[in-house]
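If you're matching positions, the sequence shown starts at 265 in my numbering and goes up one per residue.
The hints are simulated quantities; they were obtained by calculation from the structure and are not laboratory data.
Note that beta-carbon positions come from the ideal geometry of N, C-alpha and C, so glycine has one too.
Where hints are given, some of them may not hold.
[To be verified] Cβ-Cβ distance ranges computed for the label pairs, FRET-style: (1) Q332 x A379: 15 to 25 Å; (2) I441 x R366: 33 to 43 Å; (3) A414 x F394: 43 to 53 Å; (4) T326 x I389: 19 to 29 Å; (5) S464 x E422: 44 to 54 Å; (6) T377 x D300: 49 to 59 Å; (7) I428 x Y393: 23 to 33 Å; (8) L318 x V296: 16 to 26 Å; (9) S438 x P390: 45 to 55 Å; (10) G374 x L345: 26 to 36 Å.
[Stated by the list, open to error] Subject to a maximum C-alpha distance of 30 Å in a straight line, what follows is the list of computed DSSO-like cross-link-like pairs (lysine-lysine): (11) K299 x K371; (12) K427 x K442; (13) K299 x K447; (14) K427 x K299; (15) K430 x K299; (16) K442 x K430; (17) K371 x K442; (18) K442 x K299; (19) K371 x K430; (20) K427 x K447; (21) K430 x K447.
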Amino acid sequence: ISPSELGSVSLALTIIIFLTSVCGSGFGDALVQRKDLVNEHINTALVLLFSTALILFLLSSTIIHFIQISSFDTLFRHSFLFLGIKLILDATSVIPLSLLTRNMEFKTIGVRTMACSVGATLVCIPILYFGAGVWAIVFSQVTSSLVSSAILWYSLRERPTFKISKVAFNELRSFGIKTTLSKMVSSLSVDNMILGVVGSLHTL
Numbered sequence: 265i266s267p268s269e270l271g272s273v274s275l276a277l278t279i280i281i282f283l284t285s286v287c288g289s290g291f292g293d294a295l296v297q298r299k300d301l302v303n304e305h306i307n308t309a310l311v312l313l314f315s316t317a318l319i320l321f322l323l324s325s326t327i328i329h330f331i332q333i334s335s336f337d338t339l340f341r342h343s344f345l346f347l348g349i350k351l352i353l354d355a356t357s358v359i360p361l362s363l364l365t366r367n368m369e370f371k372t373i374g375v376r377t378m379a380c381s382v383g384a385t386l387v388c389i390p391i392l393y394f395g396a397g398v399w400a401i402v403f404s405q406v407t408s409s410l411v412s413s414a415i416l417w418y419s420l421r422e423r424p425t426f427k428i429s430k431v432a433f434n435e436l437r438s439f440g441i442k443t444t445l446s447k448m449v450s451s452l453s454v455d456n457m458i459l460g461v462v463g464s465l466h467t468l
């Protein structure tokens, strides 16, 4: 794995992680803290997170495709598209993770964390062995999100439906937006962005 290859994937992953927080991850915390939580709140948050993640991914992919700068090389563009799976999975997994946290089912959350590590390792090592290099990182990231999402949704007692409620959104809006903005600030790796876009992938 060359430094520039690692830089390409690191830049793509940095942007994906930031976009995940932009999707409205704070609405998960809004579900946790709300006393009178009903299905309309859960359904609304799910629609919001999925729709925002899909729109942000399509928009960012289009921008990256048309902007011609040296950092946006072929590897970066291809890895970014593949990591889009991670964006959708992580954004929607906020819902079951928040509900499990609300119900204090920390054992399930702990099992999920360990399973993600094991799954990512089992995928990463063969890819490295067969010489795919930096793609081992990309596939391990997506695998981790797949395993996490599968365990979280399987462990969830409630089964949300894809239906939005204006009343429920208004009740979650204030706390959700404020927390989302806070998460956006904490997830923004300014140094990675500047080094990768203004500098070079090798430097990053």
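We went through each hint and held it up to the structure:
| no. | hint | verdict |
| --- | --- | --- |
| 1 | Q332 x A379: 15 to 25 Å | 41 Å, violated |
| 2 | I441 x R366: 33 to 43 Å | 20 Å, violated |
| 3 | A414 x F394: 43 to 53 Å | 25 Å, violated |
| 4 | T326 x I389: 19 to 29 Å | 35 Å, violated |
| 5 | S464 x E422: 44 to 54 Å | 47 Å, holds |
| 6 | T377 x D300: 49 to 59 Å | 30 Å, violated |
| 7 | I428 x Y393: 23 to 33 Å | 46 Å, violated |
| 8 | L318 x V296: 16 to 26 Å | 24 Å, holds |
| 9 | S438 x P390: 45 to 55 Å | 47 Å, holds |
| 10 | G374 x L345: 26 to 36 Å | 32 Å, holds |
| 11 | K299 x K371 | 23 Å, holds |
| 12 | K427 x K442 | 23 Å, holds |
| 13 | K299 x K447 | 22 Å, holds |
| 14 | K427 x K299 | 21 Å, holds |
| 15 | K430 x K299 | 19 Å, holds |
| 16 | K442 x K430 | 18 Å, holds |
| 17 | K371 x K442 | 29 Å, holds |
| 18 | K442 x K299 | 18 Å, holds |
| 19 | K371 x K430 | 34 Å, violated |
| 20 | K427 x K447 | 25 Å, holds |
| 21 | K430 x K447 | 24 Å, holds |
This entry does not satisfy hints 1, 2, 3, 4, 6, 7, 19, going by the numbered hints stated previously.
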